[in-house]
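Undergrad: Based on the sequences and whatever the hints tell you, model everything.
If you're matching them up, the sequences are chains A and B in order. With the first letter of the first sequence counted as 1, position 74 gets the number 74 in our numbering; the numbers rise by one all the way through. With the first letter of the second sequence counted as 1, position 176 gets the number 176 in our numbering; the numbers rise by one all the way through.
Please keep in mind that the hints were generated in silico from the structure rather than gathered at the bench. Virtual Cβ for every residue (Gly too), placed ideally from N, Cα, C. Treat each hint with caution, since some may be false.
Here are the computed lysine-lysine pairs in the DSS-like style, where the Cα-Cα straight-line distance is at most 25 Å [as the list claims (entries may be wrong)]:
1. A:Lys220 with B:Lys359
2. B:Lys313 with A:Lys220
3. A:Lys107 with B:Lys194
4. B:Lys106 with B:Lys129
5. A:Lys107 with B:Lys231
6. A:Lys107 with A:Lys60
7. A:Lys116 with B:Lys329
8. B:Lys194 with A:Lys236
9. A:Lys236 with B:Lys359
10. B:Lys194 with B:Lys166
11. B:Lys327 with A:Lys116
In silico negatives: residues of chain A with every beta carbon more than 12 Å from chain B [stated by the list, open to error]:
12. Phe29
13. Pro73
14. Thr85
15. Ser127
16. Pro234
Derived coverage of chain B by chain A (criterion: at least 3 residues anywhere in the stretch with Cβ under 8 Å from a Cβ of chain A; other residues may be distant) [what the hints assert, rightly or not]:
17. 321–334
18. 349–358
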Amino acid sequence: MFFFCMIIVQKKMKDVEISVPIVYGNAAFWLGKKASEYQSHKWTVYVRGATNEDLSVVVKRAVFQLHSSFNNPTRIVESAPFELTESGWGEFEIAITLFFHNYVCEKPLNLYHHLKLYPEDESGPMSTKKPVVVESYDEVVFTEPSESFLARVQNHPAVTFPRLPAGFTLPPPVPQDESKRKRGDTKDHPLSQWFLNFSEADELLQLAAARQQVQTHIAKLRRQISLTDGQNQPFKSL
Amino acid sequence: MDAKDILGLPKTPLSITQEKKSRPQKDSQRKPDGISREVYALTGGVAPLMPSIDVSQLKRRPPSDEKITWQWLPFTSSARKDNLQLYHWVRVVNGVPPTGDYSFAKYNKSVDVIRYTDEEYEKHLTDPKWTKEETDQLFDLCERFDLRFIIIADRFPTPRTVEELKDRYYSVSRTILVARAPSPGEVAGHPLVKEPYNVTQEIERKRALSMVLSQTKHQERKDAEVLAEAKRIAESRMAARAAEEPDLPIASDIGPESAERAVGPGDTISPSNVQVPAPAAAPSTSLRVYLRTYALEQMVQAASSSAGLRTIKRVEQTLQDLEVNLKPKVPTKAVCAEHLELRKEILTLLNLQKQLQYKEAEGSSFRDGSYGDMPGSAKRSQRAADQDRTFVLDTISFGVIPGDRGVKREQKRKGPGRASETSSSPAGAHKRPRKMKASDL
Numbered sequence: 001m002f003f004f005c006m007i008i009v010q011k012k013m014k015d016v017e018i019s020v021p022i023v024y025g026n027a028a029f030w031l032g033k034k035a036s037e038y039q040s041h042k043w044t045v046y047v048r049g050a051t052n053e054d055l056s057v058v059v060k061r062a063v064f065q066l067h068s069s070f071n072n073p074t075r076i077v078e079s080a081p082f083e084l085t086e087s088g089w090g091e092f093e094i095a096i097t098l099f100f101h102n103y104v105c106e107k108p109l110n111l112y113h114h115l116k117l118y119p120e121d122e123s124g125p126m127s128t129k130k131p132v133v134v135e136s137y138d139e140v141v142f143t144e145p146s147e148s149f150l151a152r153v154q155n156h157p158a159v160t161f162p163r164l165p166a167g168f169t170l171p172p173p174v175p176q177d178e179s180k181r182k183r184g185d186t187k188d189h190p191l192s193q194w195f196l197n198f199s200e201a202d203e204l205l206q207l208a209a210a211r212q213q214v215q216t217h218i219a220k221l222r223r224q225i226s227l228t229d230g231q232n233q234p235f236k237s238l
Numbered sequence: 001m002d003a004k005d006i007l008g009l010p011k012t013p014l015s016i017t018q019e020k021k022s023r024p025q026k027d028s029q030r031k032p033d034g035i036s037r038e039v040y041a042l043t044g045g046v047a048p049l050m051p052s053i054d055v056s057q058l059k060r061r062p063p064s065d066e067k068i069t070w071q072w073l074p075f076t077s078s079a080r081k082d083n084l085q086l087y088h089w090v091r092v093v094n095g096v097p098p099t100g101d102y103s104f105a106k107y108n109k110s111v112d113v114i115r116y117t118d119e120e121y122e123k124h125l126t127d128p129k130w131t132k133e134e135t136d137q138l139f140d141l142c143e144r145f146d147l148r149f150i151i152i153a154d155r156f157p158t159p160r161t162v163e164e165l166k167d168r169y170y171s172v173s174r175t176i177l178v179a180r181a182p183s184p185g186e187v188a189g190h191p192l193v194k195e196p197y198n199v200t201q202e203i204e205r206k207r208a209l210s211m212v213l214s215q216t217k218h219q220e221r222k223d224a225e226v227l228a229e230a231k232r233i234a235e236s237r238m239a240a241r242a243a244e245e246p247d248l249p250i251a252s253d254i255g256p257e258s259a260e261r262a263v264g265p266g267d268t269i270s271p272s273n274v275q276v277p278a279p280a281a282a283p284s285t286s287l288r289v290y291l292r293t294y295a296l297e298q299m300v301q302a303a304s305s306s307a308g309l310r311t312i313k314r315v316e317q318t319l320q321d322l323e324v325n326l327k328p329k330v331p332t333k334a335v336c337a338e339h340l341e342l343r344k345e346i347l348t349l350l351n352l353q354k355q356l357q358y359k360e361a362e363g364s365s366f367r368d369g370s371y372g373d374m375p376g377s378a379k380r381s382q383r384a385a386d387q388d389r390t391f392v393l394d395t396i397s398f399g400v401i402p403g404d405r406g407v408k409r410e411q412k413r414k415g416p417g418r419a420s421e422t423s424s425s426p427a428g429a430h431k432r433p434r435k436m437k438a439s440d441l
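TA: Here's what the structure looks like:
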C-alpha cells in the first residue's frame, strides 16, 4: 500500500505531459516527359511541425527506412527540415524513426507512412505541376518530462506546453545562438503551398454533434425501456 | 475347387482340431484361483503377466500367536467430571483388557482463564463502561467457551462487540497478572503482558480486511494494476533519482486517497525514498514517449474489450452513419478524448437497444400467452426484432442521409436471406416497423 502513497506524492509531476503536433507524409511529382520506366516520379517524404515550426528543438535526427531496392535504404537526416527526396516508380511503406535529444527522451519513436505516387482518381490526366500529397497528423506525447526538457521548450512554438502544477518554477532557459543555426522551420518550404491544413475545430464540431445525437437516442431508448418494463410488470408477477 | 484351396486356408476338419487344442490351454489361463469368477472379473478379468495382487494370498491371514477377542466393556474418561460409565467394544488380547485412560481424553484441553477475587476487582479492575456483573459473566463465558469470542459475543446477555469483549478480557487479565506478580520483571515475558490488546488497531484491521475481501474482481484487477504500475514507477524513480537535480520540490504530505486506503496506524510511510542522495550527473529524460493515435487505439480497444466482434462492427457502422472518421483526422488531445467518449456512448446505445429488444420480445410472448414454449418463439421473434431494430436505426435519421446511401444500406441488410420477414421491404423501412409476434412465424 505504501507504493500508492508514493504515487500521490509524485502526482504533481506525473500529470504533466508535453505534446508536439507533427505532420508526416509525402509529396510526389510525376516527371512527365522526363519520366523513365524506373524513375517515373520525384517524391519527398518528410516530417514537419504541424504549424510548420522547427522540430529540431525536440528531434535530434530522423531515419527514413526505404524499400530494399534503393541504394543505402537507410537514410539518416541529421537536421531540420527532416525530409528526404528520391525518385522512383513504386509505392511502399516507409518507416520513419525519430530520435530525440538527450534531455527529451532516450527512446526513439516509429512512424509508418505509405508512399503515394499515383492519384486516387486514376482516370484524370497526370500533371507534372500538381503533386500527389498525402499527409497524416499526429502528436508526439512525452510523459513525465524532465525539468531541463521543460526549460528548453518553454515558449517554443513547435511544442504544446502543458500547464504546470501550482508553485512549480522552471530554471531560466539557456539562451540559444540563433545566428549559427540553419532555419529548420518549413514555413517557406518549396512544398509548403501543397501542405494540408489540419484544424481540430471541424472535427470537434462533428464529434460534438454526433455525441449529441447519440445522447438523445439513448434518452429515448431509456424511456422506451421503462415503458416496456411497465407493460411487462403485470405478467412477471405470475 | 474349394474357395479355401484358392485362399490357401487349411481345410475345415483340420482347423477344428487345432481350435480344440488351443482352447484347453486358454481355459487353464482363464480359470481363477481362490476367488469366484465374478469377483475376478471385477479386478480386470484375465490375469496380467505380472499379477499385482498375489491371488493365492488374498484369503489367508497372517498367523498370529495371540488370542484376540472383542468384548463389550465399560470405560470411564478422565476428561469427564461426572463418573459417567459408558460401554464400547474393546480388543482383548489373551484375556487381558487394555489399560490406561480413554484414548481421547488427552485432547480435552482448555484455556487457563485467570479468575480474580472480589477484592482484586475492587482494587484494580473497576471500569466506567463495565459493571462487575458483566465482567463476571464475561469471564464465565470465556472459561466455558475457551476464549472463543465469537460464541461468547453471541451469548453475552447485553450487546457488546467482539472487540469490546476482547478488550475487557485482555486488559483485566493483564492487570491481574501484573498485580499478582511479585515484581514487574517476572511477568514481562508473559504474552498477555508483552503484547497488549489494541482495540482501535483491531477495529481498523478488521475493517480494512473486510474491504479487501468484499472487493469485486474488477476492483481487484484495478488494484493489482495500480500496484504494479506503482512498483514500476517507484523503481524507475529510484533509478532516475540517482541522476536528478537535488532541488526538485516534492511535498511529503499524503493525499486523501491514501488515507482511505490506510491499513492501520501500524504502517508507516518512509520518506527516505523521496530524498535525493547525490547531485546530478546527467539530466534525466522523459520516461515515456508515444504517439497519440497509438494511445487512442489502445484506449478504444480497452473500452470495447467486453464487446464481441459484431458489436464492434456495429459501433463502426454507427460512426460512419454519423459521418465521423473511424480514426480522427486531427487527433489532438481534445479530439481523442471526444472520440473515445463518443465510442463509449455508442456502446451504451447498442446495449440499450439490445435490452429493449429482449424486453419487447419478452412482452410479446407474455401477451400471446405462449409462455410455455417461450424459448423457441422468443428466439425467433427476437431475431425478427433484430431486423426491426436495424431499421429503427435508419428511421431515427442520424444527420443527413442522402437517398442513395440509404438504399445501398438496405440492400446490404437484406443479404442474410430472411425472405419470410414482412418488414424487409424498402418501403417498410420508413414506416415504424410493427412488433413481430410469435403468431406471425
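Undergrad: If a hint holds in the structure, say so; if it doesn't, say that too.
TA: Checked hints:
Between lysine 220 (chain A) and lysine 359 (chain B) the CA atoms are separated by roughly 15 Å; this keeps the pair inside 25 Å, and the hint holds. Taken as a hint, the lysine 313 (chain B) and lysine 220 (chain A) pair is honoured in the structure, with Cα atoms around 23 Å apart against an allowance of 25 Å. Only pairs whose Cα atoms come within 25 Å are accepted, and lysine 107 (chain A) paired with lysine 194 (chain B) is rejected, the gap being roughly 56 Å. Under the criterion of a C-alpha separation no larger than 25 Å, the hint pairing lysine 106 (chain B) with lysine 129 (chain B) is inconsistent with the structure, at around 40 Å.
As the CA atoms of lysine 107 (chain A) and lysine 231 (chain B) are separated by approximately 21 Å, the hinted pair is consistent with the 25 Å bound. Between lysine 107 (chain A) and lysine 60 (chain A), the direct Cα distance comes to roughly 12 Å. Compliance with the 25 Å bound is thereby established for this hinted pair. Between lysine 116 (chain A) and lysine 329 (chain B) the alpha-carbon distance is near 18 Å, which keeps this suggested pair within the 25 Å criterion. A distance of roughly 63 Å separates the Cα atoms of lysine 194 (chain B) and lysine 236 (chain A); the hinted pair therefore is violated under the 25 Å criterion.
With a C-alpha separation of about 12 Å, the suggested pair lysine 236 (chain A) and lysine 359 (chain B) falls inside the 25 Å cut-off, and the hint holds. Taking the CA atoms of lysine 194 (chain B) and lysine 166 (chain B), the gap is about 16 Å. The hint holds against a cut of 25 Å. For the hint linking lysine 327 (chain B) to lysine 116 (chain A), the alpha-carbon distance of about 19 Å falls within 25 Å, and the restraint holds. Even its closest Cβ contact with chain B, about 24 Å, leaves phenylalanine 29 (chain A) beyond 12 Å, as expected for a residue assigned away from the interface.
Every CB of chain B lies more than 12 Å from the CB of proline 73 (chain A), the least distance being 23 Å, so the non-interface label holds. Distance to chain B confirms threonine 85 (chain A) as a non-interface residue, since its nearest Cβ pair spans about 25 Å, more than 12 Å. The beta carbon of serine 127 (chain A) is kept farther than 12 Å from every beta carbon of chain B, the shortest such distance being approximately 25 Å. Taking the minimum C-beta to C-beta distance to chain B, about 9 Å, the non-interface status of proline 234 (chain A) is violated against the 12 Å cut.
Here's how the region 321–334 of chain B fares: 11 of its residues keep a CB closer than 8 Å to some CB of chain A, so the rule of at least three is met and the hint holds. Here's how the region 349–358 of chain B fares: 5 of its residues keep a CB closer than 8 Å to some CB of chain A, so the rule of at least three is met and the hint holds.
Hint violations for this structure: numbers 3, 4, 8 and 16, all remaining hints satisfied.
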